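Engineer: Protein sequence lines correspond, in order, to chains A and B.
Per this note's numbering, the first sequence runs over residues 9 to 391.
Per this note's numbering, the second sequence runs over residues 9 to 391.
Hints are computed from structural coordinates only; laboratory data are not their basis.
Watch out, some of these pointers could steer you wrong.
The list makes no distinction among identical chains, and a pair is therefore deemed to hold if it is satisfied within one copy or across any two copies.
[Unchecked claim] Subject to a maximum C-alpha distance of 25 Å in a straight line, what follows is the list of computed DSS-like cross-link-like pairs (lysine-lysine):
| # | residue 1 | residue 2 |
| --- | --- | --- |
| 1 | LYS227 | LYS328 |
| 2 | LYS27 | LYS328 |
| 3 | LYS171 | LYS41 |
| 4 | LYS336 | LYS171 |
| 5 | LYS328 | LYS171 |
| 6 | LYS328 | LYS164 |
| 7 | LYS12 | LYS85 |
| 8 | LYS146 | LYS391 |
| 9 | LYS230 | LYS328 |
| 10 | LYS85 | LYS328 |
| 11 | LYS227 | LYS337 |
| 12 | LYS92 | LYS285 |
As the structure is a prediction and not an experimental result, all values here were calculated from the model.
Number of protein chains: 2
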Amino acid sequence: MLEKVIIVRYGEIGIKSPKVRGRFERKLIDNIKNVINDEIDLKQGRIYIHTHDLDWAIESLANIPGIVSFSPAAVTKTNHDSIKELIEVYIGELVHEGTFSSQDSFAIRCRRVGEHDFSSQEMAAYCGSVVYGITQSKVDLSHPDFELYVEIRGNKTYVFHQKIAGLGGLPVGTQGRVVSLVSSGIDSPVATFLMMKRGCSVTMVNFNNHPYTSGSNEKILKIYNKLNEYSAGGKLRLYQVDYGEYLHKCIDEAPERMTCVLCKSGMYQIAEKIADKENALAIIDGSSLGQVASQTLPNVLATRYSTSMPVLSPLIGLDKVEIENIAKKIGTYELSILPDSDCSAVPRHPETNADLPLVLETLEKINAEQEFEKAVSSVKLLK
Amino acid sequence: MLEKVIIVRYGEIGIKSPKVRGRFERKLIDNIKNVINDEIDLKQGRIYIHTHDLDWAIESLANIPGIVSFSPAAVTKTNHDSIKELIEVYIGELVHEGTFSSQDSFAIRCRRVGEHDFSSQEMAAYCGSVVYGITQSKVDLSHPDFELYVEIRGNKTYVFHQKIAGLGGLPVGTQGRVVSLVSSGIDSPVATFLMMKRGCSVTMVNFNNHPYTSGSNEKILKIYNKLNEYSAGGKLRLYQVDYGEYLHKCIDEAPERMTCVLCKSGMYQIAEKIADKENALAIIDGSSLGQVASQTLPNVLATRYSTSMPVLSPLIGLDKVEIENIAKKIGTYELSILPDSDCSAVPRHPETNADLPLVLETLEKINAEQEFEKAVSSVKLLK
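Next comes chain A alone, as it looks inside the complex (with noise of 0.2 Å):
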């Protein structure tokens, strides 16, 4: 039986400074231990989990940001007879299991950090023979169908063939707390799990339009596993607004045409308001420009403006194909999909060259800071 191992690889992180890296690594490391129960190390900027249920540990590092790659990998002594048993042993459950054959090329790729009495290149031939001696297959060190890593640091020997690519990013909670507007639709849930990638922690912000939409919550908490399943330690809030009150007023009181940009002018003063008391510092949103109507840069002006946080759009230069393929690749796209009612309070000509003044004018003549206020008093804590 081998002691396994999962070496695990961050990158942005390995680029900053020295205070900045330790306090990145630190958190990588909670977050991980957030998710796997085992033990871990952290030496000469690896992270070395001893893990318990290899195939959990698999599935959970892929879905942690701040991991560029991982392998599970085999681990014995530094030393000939110790690294040739292991192969022996390791070689030949690959070949068991039929990922590798005397048909297939292979190369060893040897590394070595510390001091030894021998050099990596010989270290590799050495290697190189004891695989041959199993399978008899041919080396090719260009093009090899199949790639042996033999790691070498100080007195520990890893040995694996697996790169598993990570999502990358920034480990959650080192970027600080951002509020997101998330409907159940395909865009905003991309744009909080990008911002997540990045190191936010994230509250969620849900705005119920019942009566103008069923009011279900079904598929926004549907969403929000999922995005959770991102958060690693980094605690994902979901909150929900009622809104239907706020947009009744706009409809009743306000050109239809401008119900729209009315109501994302209100999402995002309410999601300033929210953002206060979280502590957060900028607010999310899913806009991809020139998507729809309301995406407009006449639009995305006048509803900022009566904002003062910062606006992160991560969509906003991304087609919507695009934002398909990701939302495909996190599981949130065929969550979006799922059937659910259309709001009603959309206009059959919804304005898309918003007039600034108008905009403010007519959010004061219908009184609209008074019902943000009170959206925000009646703010639910769903997550």
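Could you slot chain B onto chain A? The hints should help.
Structural biologist: Same frame as chain A, now just chain B:
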């Protein structure tokens, strides 16, 4: 000699209202005409280019935002004999150049719009027999090595085998003008490209930090020229602001660690003034959260606070490696990494947790507004 046309497909435009769609289609055709001086038709949701220079047209179309894919096609009349004749020549050429051989399995993909006395399936079977007659290749509808597309539109039939990917996005000029802060680094040219791809006309604003940098314009002009390849008709402008004097003032009169925050805040404020003159509606920058010291949430908040125009940061949710990959794809990467002087105004320990009241107070104290006015009045149009 076959009559050749290029069939151009566009994507998101298709899902818009008929009025918006018409405007977008006309803009896309205008943009193509700006680059390719050929006869261009619009028919049933496709653009057909009758080109004199196929290679140039292919190279150009790949760089025009709003195009999803395009296919160089041979065209003939819609009748069995003409189609047979065309396929014989078309396949003959492909066999001659080695693109298709008798070893390759193949499939005919036939689509038909209009009234004809045959079905798509019948025509596909007929074309298949023509190809078989030439190469005796095996038909494989599920996983063919080679696909031949036969598109029948009324009395014209188009035959092609390639679908070349375009940039996607929206035609430049359909989304109004933005001002983009562009340095000669890796990120901001990518941000600029993404917003051009989303249909924006762009005014680039470059800050010349001389004497804290070399003051050379070589790199920024190269980057301008590269980005201009994607502007297809939406005039790309490049302004330069002399910024050394303001930086000198920051270093002289404000706490050392605040230089970068004051620098960035000034860039936004000057960009807003230029945007007003240019009738632009938003500011673009290359911020990526957490990538460097100035890109923390507190700094984003503090540096944007004095600007009322929206700041759109299309890279805010991307990793460095993702940004670099786009830069490599669009050809700005190799320009951005050319050797250049670092900015010597950057302090040893730049502020990472900017205090908003202190930033506002300091801007006031150093009379920044006056410096910004001066900088704007001396702005130079480089391109």
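Engineer: My question is about LYS230 and LYS328: at a cut-off of 25 Å on alpha-carbon distance, are they close within one copy, between copies, both, or neither?
Structural biologist: Cα proximity of LYS230 and LYS328: one copy only (22 Å, versus 31 Å across).
Engineer: Since the copies are identical, ignore which copy is meant and state whether LYS12 and LYS85 lie within 25 Å (CA to CA) inside a copy, between copies, both or neither.
Structural biologist: Only inside one copy: LYS12 and LYS85 sit 13 Å apart there, 67 Å across copies, limit 25 Å.
Engineer: Measure nothing new, just compare the shortest in-copy and cross-copy C-alpha distances for LYS92 and LYS285 to 25 Å and report within, between, both or neither.
Structural biologist: For LYS92 and LYS285, neither the intra-copy (60 Å) nor the inter-copy (72 Å) Cα distance is at most 25 Å.
Engineer: First find the shortest C-alpha distance between LYS328 and LYS164 inside one copy, then the shortest across copies, and answer within, between, both or neither for a cut-off of 25 Å.
Structural biologist: neither (48 Å within a copy, 32 Å between copies)
Engineer: Please work out whether the CA atoms of LYS85 and LYS328 approach to 25 Å or closer within one copy, between two copies, in both situations, or in neither?
Structural biologist: neither (52 Å within a copy, 37 Å between copies)
Engineer: Since the copies are identical, ignore which copy is meant and state whether LYS227 and LYS328 lie within 25 Å (CA to CA) inside a copy, between copies, both or neither.
Structural biologist: within (20 Å within a copy, 33 Å between copies)
Engineer: Is it within a copy, between copies, both, or neither that the alpha carbon of LYS336 lies no farther than 25 Å from that of LYS171?
Structural biologist: both (22 Å within a copy, 24 Å between copies)
Engineer: First find the shortest C-alpha distance between LYS171 and LYS41 inside one copy, then the shortest across copies, and answer within, between, both or neither for a cut-off of 25 Å.
Structural biologist: within (21 Å within a copy, 48 Å between copies)
Engineer: Up to 25 Å between alpha-carbons, please classify LYS27 paired with LYS328: within, between, both or neither.
Structural biologist: Between copies, since 20 Å is at most 25 Å while 39 Å is not.
Engineer: Checking LYS146 and LYS391: alpha-carbon separation at most 25 Å within a copy, between copies, both or neither?
Structural biologist: neither (56 Å within a copy, 58 Å between copies)
Engineer: Go through the copies and call it for LYS328 and LYS171: within, between, both or neither, with a Cα cutoff of 25 Å.
Structural biologist: between (31 Å within a copy, 20 Å between copies)
Engineer: Is it within, between, both, or neither for LYS227 and LYS337, if the alpha carbons may be no more than 25 Å apart?
Structural biologist: within (18 Å within a copy, 37 Å between copies)
Against the hints set out earlier in the document, violations occur for numbers 6, 8, 10 and 12.
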